[in-house]
Structures are given as structure tokens and as C-alpha cells.
Amino acid sequence: MAEDTVTLKINGKEVTTKKGNMILQAAEQAGILIPHFCYHKHLSIAGNCRMCLVEVEGWPKLVISCATMAQEGMVVHTNNEKVRKAVTSVLEFILLNHPVDCPICDQSGECGLQDYYMEYGLHDSRMPLKEKHRKRKVVDLGPTIVLDTERCILCSRCIRFCDEVSKTSELAFIRRGGKMEITSFENRPLDNPYSLNTVEICPVGALTSKDFRFKCRVWFLKTINSVCDHCSTGCNIYAEYHQNKIYRFRPRQTDYVNKTWMCDEGRLSYKALYSRERVETPMLQIKGKLQPSSWNDALDSIHKTVETVISEKGPAGIGVIASPKLSTEELFSLKEFFGNLIKTPNIDFRVDDGFQTNKKMEDDVLRRVDKNPNTLGAMLLKIFPTENGADIKGMISKIDKGDLKMLFLVTDDILKKEDSEKIKHSLEKVEHLILVTPFKSELFKSCEVILPLKTYMEKDGTFINAQGRIQKFHRVINPPHEAASLVEIINGLLQMREHQIDLSSIEKVFLRMGSQHLFFEGITFEGIPDIGIQLKIGEV
Amino acid sequence: MTLTVEPLERLGELMVVNIGPIHPATHGTIYLKAYLDGEVIVKAEPDVGYLHRCFEKMCETHPYHTVMPYTDRLNYCSCFMNNVGWAMAVEKLLGLEITPKCQYVRVILNEFNRIIDHMVCIGTNLVDVGALTNFWYAFQPREMVYTLLEKCCGARLTVNYCQIGGLIRDIPSDFDNESKTILKALPRFIEDIEGLITHNRIFIDRTKGINPVTADQAIDWGWTGPCLRACGVAYDVRKAHPYYDYDKFDFSIPTGTNGDVYDRYLVRIAEMYQSMKIIEQALEGLPDGPVTVKDNRYIFPEKENVYSNIESLMNHFKLVMHGIKPPVGEVYSYTEAANGELGFYLISDGGSHPYRVKVRPPCFAIFQAMEDMLPGHMIADLIAILGSLNLVMGELDR
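Here the protein sequences come in this chain order: U and B.
Residues in the first sequence are numbered consecutively from 1, following the UniProt record's numbering.
Residues in the second sequence are numbered consecutively from 1, following the UniProt record's numbering.
These are calculated hints, taken from the structure and not from any lab test.
Note that beta-carbon positions come from the ideal geometry of N, C-alpha and C, so glycine has one too.
Among these hints, one or two may not hold up.
Pair by pair, the computed Cβ-Cβ distance ranges are [said to hold, decoys possible]:
1. GLY350/B with GLN534/U: 32 to 42 angstroms
2. TYR332/B with ALA272/U: 46 to 56 angstroms
3. ARG217/U with ASP174/B: 40 to 50 angstroms
Please model the entire structure based on the sequences and the hints provided.
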């Protein structure tokens with residue numbers, strides 16, 4: 001036996017665990033779930049809910065397994081008559097003053113009390129309704145959160161979160177006994193960049209999110225594993241949707257990236273998908289008017305433009321500006337088509353230079369300055385100008401000089417640049433401006449062709465986060481009408497010329513990426529686990 | 001009076017008549033393609049599925065208790081019996097013992113449903129062969145039974161009165177009286193029909209010797225219920241595999257001899273008297289006590305408690321939203337419904353929905369014999385035969 005492990009018996013099952021682990025953790029390791037409210041994997045131990053009582057043979061009283069260290073030779077029972085009776089009593093006690101709120105409570109359906117009642121309670125009430133303690137309801141705790149002190153079971157998870165993770169310490173208990181409740185300190189609002197995590201870890205409906213409150217009942221929601229695209233951390237998330245509409249993002253546990261946390265901006269970033277009007281069909285500029293067209297006509301028009309420009313100015317007359325919000329496969333397809341096939345040297349992705357202004361949106365918990373999910377992906381795929389090529393700034397000045405005839409612009413993120421007025425002015429002068437975008441844009445009137453793009457919630461793909469983890473996301477909702485991913489668009493363009501490039505499916509894209517870049521070798525989309533893979537990229 | 005059947009090579013010369021899927025004498029969306037030589041059926045091709053509603057798949061996507069209303073739509077002439085069939089299957093899966101009072105109420109209402117189901121069968125069968133008057137005699141007691149059901153649960157046709165582990169609510173205080181009133185009134189109607197029909201020359205000519213089925217044939221086809229018993233086989237689930245104290249009641253199984261349309265009529269008439277006998281005994285011994293067992297894992301709490309305490313509210317909430325979670329396992333549960341053995345085969349994977357539900361509706365087995373039985377009969381016989389088999393599309397097609 002190694003010195004840093006202990007072996008104990010839980011429900012007759014031999015479990016070997018790290019020295020210092022609590023019984024609850026050892027049991028979890030063995031697949032034995034012990035009910036608990038206050039214990040949380042990534043917070044300190046409080047031991048105040050008493051739900052995790054277990055019996056240790058030879059010990060006079062039941063002990064709380066979350067705060068009792070596993071010891072060599074211990075014999076633990078988590079599910080015998082004595083324990084069950086105690087746990088039922090604890091639950092009855094917790095429910096003593098709980099309001100009769102399920103029908104109006106947002107937590108219903110994912111509530112720890114409801115779940116444990118069916119599993120460990122099943123008792124009848126002995127508390128008359130009118131004798132229950134009444135406390136404050138609908139307390140406005142801050143910009144994101146509403147508190148219901150009656151529903152609170154005083155587990156203190158939220159207090160510990162604010163003390164230990166966000167380190168803002170806004171919350172505390174006041175009073176004692178049946179009148180004890182959570183409050184923010186001297187009415188200072190609960191306002192920190194991670195505040196919505198308190199809603200997430202609240203095992204009951206005491207803390208509810210202002211954003212999600214009363215929007216949708218949780219049992220209607222379907223869940224798909226995804227990745228947050230709000231910054232280059234790439235927190236793993238569950239995207240939850242109902243009837244083709246996304247209702248919320250929730251953090252998905254991964255020890256490599258975000259543990260069980262997620263920042264508020266990321267959590268609410270799904271709203272950006274609905275904040276602007278969408279482009280629904282391809283559009284062509286015909287006689288000074290934008291008109292909806294078929295995909296065929298639109299792609300054909302681009303194909304002809306490319307041919308004309310090449311015959312006039314050669315490949316250098318074409319410029320491509322991508323976006324670090326595109327998926328790895330999309331960036332690669334773009335590079336394959338314009339870089340390798342058409343051989344334009346002018347290609348760049350660095351549309352976001354908000355690094356300085358974003359400074360205050362960074363901290364050492366999760367948030368990063370770079371608000372793009374796939375900057376590293378674009379860098380790894382070398383979405384840079386080749387020799388003699390122009391970067392974004394160079395392309396703008398080439399436009400002004402009349403050397404750049406065609407610009408393939410993916411998303412209008414370029415307008416986020418500081419000198420956006422000047423850029424806009426320059427873009428108006430491009431002879432053939434092709435814009436691929438999910439949203440309607442102020443650039444529309446200068447565009448020759450507009451193609452509707454899927455947002456990342458509408459397609460499969462991967463992002464490479466700042467650590468170099470490749471993480472995949474899946475289609476969650478359907479795109480409006482005819483929107484396509486950039487891979488599909490490039491495929492359409494590829495069909496119009498002769499070549500040896502096969503990007504017809506996401507796996508084919510990976511195969512080709514693997515053949516060109518060492519760190520993608522052997523990786524398939526199917527093969528990427530839900531928690532992603534660390535790419536062996538070294539120093540980039 | 002079986003006529004000789006011409007060889008099938010002549011099919012091309014025959015007249016093809018489509019009977020159904022919408023036809024007044026088929027009492028449902030049944031389709032028969034009949035090849036006629038004159039008025040004689042040479043070949044008949046029955047077709048099913050016009051009322052297919054994915055019953056089994058619907059059950060598999062719903063929590064157990066919400067399946068109950070769907071069962072009402074199986075044999076809609078005796079809805080309560082289907083309710084009992086489903087409830088019994090799930091209770092068997094859960095290992096749930098229902099209360100004695102519930103058992104007796106289920107027996108009483110089952111037998112009332114059997115009577116009205118037979119009434120509908122006989123009434124419409126007689127309309128089809130030209131005896132319209134009896135229809136009123138048959139449908140009047142049905143009205144009385146529906147009124148009793150309405151007093152019990154508020155609904156008349158699709159009652160949805162059972163719940164897993166008991167009944168949705170207790171029986172009304174005048175249940176006993178009401179039932180006895182019906183029992184008292186019933187014989188008059190049955191006797192009226194018997195008086196008009198049993199020795200009626202025209203009826204006998206239309207039905208006696210028509211579609212005789214031997215016991216062996218019927219067993220081979222998997223027949224159950226009155227149609228099987230008309231062939232002389234005394235098989236009844238209530239006797240063979242008794243449930244709900246059926247073994248304690250004194251009743252007999254009427255059987256026929258020829259297995260023809262006429263015998264099926266006789267058996268149904270006789271069964272109604274037996275059902276009345278059972279009801280009388282059950283009313284006599286109707287125990288007191290709750291109609292629903294108490295088990296917070298599976299049974300909904302009282303509404304009053306749901307509104308006033310958190311435990312019952314959560315219990316109710318979880319049962320509605322996430323359903324009951326029976327142990328992993330499979331059961332076959334079967335009852336004697338009005339038209340034969342109604343079976344539910346249930347597989348649970350431990351989840352809130354059944355993993356698989358298979359219904360054995362009594363008339364599906366009966367219907368499969370159509371193709372073999374019909375050739376040689378005249379087209380008018382076909383109508384008499386259809387009615388006597390008591391095909392109910394709701395359960396045939398599911």
C-alpha cells in the first residue's frame with residue numbers, strides 16, 4: 001500500500017482513495033452517490049446541510065461524509081436503515097419552512113430538494129402551512145440575480161463562491177435559527193463578473209437568474225455539449241434550447257479549462273445571436289439594388305468575379321479577410337481555396353484590435369482579453385499574408401490605390417477596429433466586395449454579393465482555445481432559411497473549378513488539415529472527446 | 001349454406017367490390033376487397049391500418065400514468081376495461097397490491113362495461129341484418145351505465161377512471177343504489193331483444209350456419225372471448241387465470257356449439273346474465289376503505305395536500321414531470337375484456353417511459369381469420385359476420 005492512499009470499505013465495496021479525501025469523495029470515486037447540498041467539489045467544505053450523513057462502524061454517531069476524512073480500514077454504510085432514516089429526517093427539517101412554491105419556482109425540474117425527496121424523503125408533511133416562517137421574497141440582489149430567502153436552505157455555497165472564487169465577498173448570513181437568511185453586505189449589490197455561478201450552484205430556487213427567470217421551464221430544454229465563443233478561454237458549456245431557440249448556456253465541468261465555472265458575459269453571450277437581424281438568403285447587387293438570389297447564382301457570380309480579377313490583376317488583386325470567430329475547419333477551407341488554389345497573397349484575420357480596451361475584462365479566473373474563440377486556430381493555420389502579401393492595413397491602402405479589385409470579407413467584425421469610419425469609407429471603394437455574414441450589416445450597400453453565414457450554434461466545428469486545446473461544438477439550432485457554413489460555401493466555389501481538394505465533409509477537412517499541419521495529424525472530428533484534446537503545438 | 005368456391009384462376013373475370021374503408025355497415029374504418037361471383041365472395045382481402053395511431057409508440061414516449069387516456073381509445077365501447085388492463089400491467093410491473101375496494105369497483109364497472117359492449121355489438125349487428133328496433137333496446141341500458149360512470153368520474157365515454165394503484169377518485173355515495181337500479185332495469189331490455197330475435201325466423205335464416213368455426217380453427221387463429229366460446233371452448237381469463245377475486249364469484253362460462261353467427265349472439269346474451277350475477281355478488285361484498293393505495297413513489301398525493309404542503313407538492317411535481325420509475329423488468333398482464341383476452345406486454349428499462357409496449361387486442365386475432373372464413377359466403381352474410389365478430393377498429397389498428 002502506498003503511503004499516500006487509504007483503503008476503506010463503503011457499502012461492502014473496497015475503495016482506495018487519496019489520503020486526505022473525505023468519505024463522500026471516496027464514495028463518489030466508487031460510484032456511490034451520497035446526497036448533499038452544501039458540499040461542492042470546487043469550494044471549501046462547510047458541512048452545514050447534514051444531508052450526507054453516513055454510518056461508520058464503531059463510531060457512536062452518524063457522521064457527515066463531506067467533512068470526515070477517509071481512514072484506513074474504515075467500514076462505512078451510506079444506505080442502511082439508520083442512515084436512510086436520518087437523511088429523511090434531515091430533509092424533513094430542511095423542508096420545514098420551505099414555501100409551497102414549485103409551480104412558480106424557476107428551479108422546479110432541476111431542484112435538489114425535489115430530486116432528493118423522491119429518493120430519500122417520500123415522507124408526509126407534519127408542518128401546517130400557516131406555521132411556516134415567512135421571510136423576504138423577490139429580493140433584488142444585483143443586476144443579474146434575484147434572491148428568495150424563503151426558498152434558501154442555507155447551504156452557503158453562494159457565500160463561499162463569492163469568498164473563494166470571485167473573491168468579492170458580497171454575501172453573508174444574518175440572524176440565527178429559523179430567521180437566518182442570506183443577504184448582500186449592507187445592500188451592496190451582488191455584482192461581479194461571475195455572479196451567475198451562484199445561481200448555478202444554488203441547489204434550490206433561492207437564487208435565480210434575472211435573464212432566465214420565467215423564460216422557459218427547464219424540462220422543456222434540450223441540452224447539447226458546446227463551447228463558449230465569448231473569449232479565447234473556451235469554457236465548456238451546455239447549450240440549452242427549446243423549439244429552435246437558445247435559452248441559456250451553462251458551464252460543463254472540465255478540469256482542464258473552466259472547472260464548473262463560467263463568466264457572466266459568456267453565459268449571456270447567446271443573446272448576441274438574437275441581437276441583430278439575420279441574413280436569410282444570398283443576395284446580389286443587380287442594377288444598384290440588392291436582390292435575393294439563389295445560392296447557385298451567387299456562387300457563380302463570385303466565381304466569375306474571381307476569374308475577371310485574376311485575368312486583370314492576377315491573384316494579388318484579390319484580398320481575403322477572415323475572422324477569429326470562425327471555426328477551425330472554416331478558416332482552413334478559406335485558406336485552402338484562396339491561399340492554395342487561387343494563390344492570393346492577401347489574407348488576414350486580425351480584425352479585432354480591441355486588446356487594449358478589453359483589458360478591464362480580463363482576470364486570472366477565466367476571462368481573457370482576447371474576446372475571440374479561435375485566434376490560436378487562425379494562427380496555427382497561418383491565416384496571414386504570404387510573401388509580398390498585404391495584411392488588413394495593407395489591403396485597405398491597396399484598395400485606396402485601386403490595386404485591390406475584389407475583397408472576400410467574412411463577417412463585418414472589421415468594423416470593430418478603431419478606425420472603422422475610415423475602413424468603411426475604403427470598403428465602399430472596392431470594386432467587388434463580397435460579404436459573408438450571419439447578420440445584416442451597414443456594409444450592405446457597397447456589397448456586390450452577400451452570403452448568409454451560420455452562427456456557431458448552427459453548425460458543427462471546433463475552436464482552439466488559448467491553451468491550445470481543440471474543443472468541438474455541435475449544431476444546436478437550425479439556421480434561418482438558407483444560411484450555410486463557410487465550409488459549405490467554399491465547397492460550392494470549389495465545385496466550379498478543377499482541383500484535387502476534397503473538403504466535402506468535416507472529416508475530410510480534418511484529414512486534409514492533418515496532412516498539412518503536424519499537430520492535426522491523426523485527429524478526427526468524431527475522435528475529439530467532449531472535453532477536447534490538447535494539441536502538441538509547442539511555442540507558436 | 002356454404003357454396004362451392006370457384007378456382008382462383010377466374011379472379012380476373014370477377015367483380016371487385018371495395019367494402020370500406022368508409023362504409024356504414026363496417027362500423028369503423030375497415031377495408032375489405034371482395035371478389036364477387038354474382039353475390040358470392042370468391043376471395044376477400046382484408047386490410048388494416050386505417051385507424052392506426054401509433055398507440056404502442058405513443059405509450060413508449062409517455063410516462064406510465066399519462067398512457068391511461070390513450071387506452072380509453074382502444075375498444076371505445078368498453079373503455080374502463082382497457083383502463084383496468086393497463087393499470088393492472090403497470091401495477092404488476094411495480095409489484096403494487098391495490099386495495100380490496102378498488103378491486104371490487106373495478107370488477108363491477110368491468111362487468112357493466114362488458115354488458116354494454118355486448119349490447120352495442122348485438123344492437124349494431126341486428127341493425128345490419130335489418131332488425132332496427134333492437135338497437136334502441138340495446139342502447140338504452142348503455143345510457144344508464146354511462147350515467148353511472150359519469151357520476152364516478154365525470155366522463156361518460158372515455159372515462160380515464162383508473163389510475164395506477166387505484167382509481168382517480170372514490171366512488172359516489174349512491175354507487176350501490178345506482179348499480180342496483182341498473183341491474184333491476186337490465187333484464188327487461190335483454191328479454192325484449194331475446195323475445196324479438198332469438199326465435200325470429202328471418203334472423204335465424206340470416207345467421208344460423210353462417211360462418212361456422214370449429215374449436216380447433218378458432219384456437220389455431222388465436223381467438224378468445226365470446227367468439228371462441230361460441231365454438232364450444234370454455235376459455236375465459238376470469239376463470240382460467242383469475243384476478244381480482246373472480247375465483248370467489250359464482251358464475252359460469254356460456255358456450256355455443258356451432259361457432260356460427262347465431263351462436264355468437266347467444267353466447268353474448270348469456271354472458272350478460274352472468275355479468276349481472278357477478279355484479280350482484282360484488283356489490284354485496286363491496287369492502288370499505290380507500291380506493292387507492294398509499295405509496296409516495298408511484299401514487300399522486302391528494303390534491304388538498306399538494307396545495308398546502310411542500311412535500312406533497314414536490315411529490316406531485318416529480319410524478320407529473322418526471323414520471324414514476326418502475327424497476328427494470330418485463331411483464332405480460334392480461335384480462336378478459338368484452339371481446340376476449342386483452343393483453344399488455346410491458347418492458348421497463350427503469351426509466352420514466354415504458355421501453356416497449358405491446359398490446360394484444362382481442363379482435364386482431366379474430367380479424368386475421370377473415371381471409372380464410374369469408375370465401376363461399378354471400379355478400380350479405382359478410383355484413384352479418386362482421387357484426388358478430390365485434391371488430392373495434394380502435395383496438396384492431398391501435
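Here's how the hints hold up against the structure:
| no. | hint | verdict |
| --- | --- | --- |
| 1 | GLY350/B with GLN534/U: 32 to 42 angstroms | holds, 37 angstroms |
| 2 | TYR332/B with ALA272/U: 46 to 56 angstroms | holds, 55 angstroms |
| 3 | ARG217/U with ASP174/B: 40 to 50 angstroms | holds, 42 angstroms |
Going down the numbered hints, you'll see the structure goes against none, and every one checks out.
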